[in-house]
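A.B. asks: For reference, the chains in residue letters:
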Amino acid sequence: DAKTTQPTSMDCAEGRAANLPCNHSTISGNEYVYWYRQIHSQGPQYIIHGLKNNETNEMASLIITEDRKSSTLILPHATLRDTAVYYCIVRVDPDYKLSFGAGTTVTVRA
Amino acid sequence: DSGVTQTPKHLITATGQRVTLRCSPRSGDLSVYWYQQSLDQGLQFLIQYYNGEERAKGNILERFSAQQFPDLHSELNLSSLELGDSALYFCASSVERRSPLHFGNGTRLTVT
Chain A
-5 DAKTTQPTSM DCAEGRAANL PCNHSTISGN EYVYWYRQIH SQGPQYIIHG LKNNETNEMA
55 SLIITEDRKS STLILPHATL RDTAVYYCIV RVDPDYKLSF GAGTTVTVRA
Chain B
13 DSGVTQTPKH LITATGQRVT LRCSPRSGDL SVYWYQQSLD QGLQFLIQYY NGEERAKGNI
73 LERFSAQQFP DLHSELNLSS LELGDSALYF CASSVERRSP LHFGNGTRLT VT
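Protein sequence lines, in the order shown, are assigned to chains A and B. Take the first sequence: its position 109, counted from the start at 1, is 103 in this note's numbering, and no numbers get skipped. Take the second sequence: its position 7, counted from the start at 1, is 19 in this note's numbering, and no numbers get skipped.
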């Protein structure tokens, strides 16, 4: 799997948008970008994934640069419940497994 | 609720013992994955099954084994337990390739 680089931690104000960057400069053409989060020892929760187009769902938006070497996860209106470790993962097709890195610890403050 | 059920939630046992962790995937999901998360190692992929067959293997110790049954539930067997095996063990399932994985809430294993 292509390696990803994320900031170790970041803070965000409640109600504001949280923009989480991820660098994946060695990504290949058939590799998808996945985002998961883990809230305090619960099971990781799927957020969103994409290949090259921007994606949006009820939880977040995923912006992938045109060269696909980086992406940004956007939580539009962060709440205290969004405090978690966020993992950016590049997943090879047809390799099925997800390889988790250290992720970004996001703290949403009131 | 992800729809993936793991039992038991907590397990405390002694070194040298053997335990079995159980996972019921989401309805319709054919793939099951096992991950280990210890304090100093992060989430480590152990093994994956697809429709009863082993599909991929990660950093799984020889003392550990897994299987997926015809009803698609899976079991992870850990034997000759050591203190270092204390960790959260997560199961995940997915429908098919490229599909997102959905994780259960894990089994917390404590080896004393």
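One should not assume that every hint holds.
[Claimed, not checked] As a list, the in silico SDA-like pairs of lysine to any residue whose alpha-carbon atoms are at most 25 Å apart:
hint	chain 1	residue 1	chain 2	residue 2
1	A	K46	B	Q49
2	A	K63	A	T73
3	A	K46	A	A7
4	A	K(-3)	B	A68
5	A	K(-3)	B	K21
6	B	K69	A	N24
7	B	K21	A	H43
8	A	K(-3)	A	R75
9	A	K(-3)	B	D52
10	A	K46	B	R110
11	B	K69	A	A96
12	A	K(-3)	B	R67
13	B	K69	A	K46
14	A	K(-3)	A	N47
15	B	K69	A	Q32
16	A	K63	B	R110
17	B	K21	A	P70
18	B	K69	A	G95
No wet-lab data here; the hints were simulated from the structure.
A.B. asks: Which earlier hints turn out false for this structure, listed by number in ascending order?
C.D. replies: Per hint list: 1, 2, 3, 5, 7, 8, 13, 17 violated.
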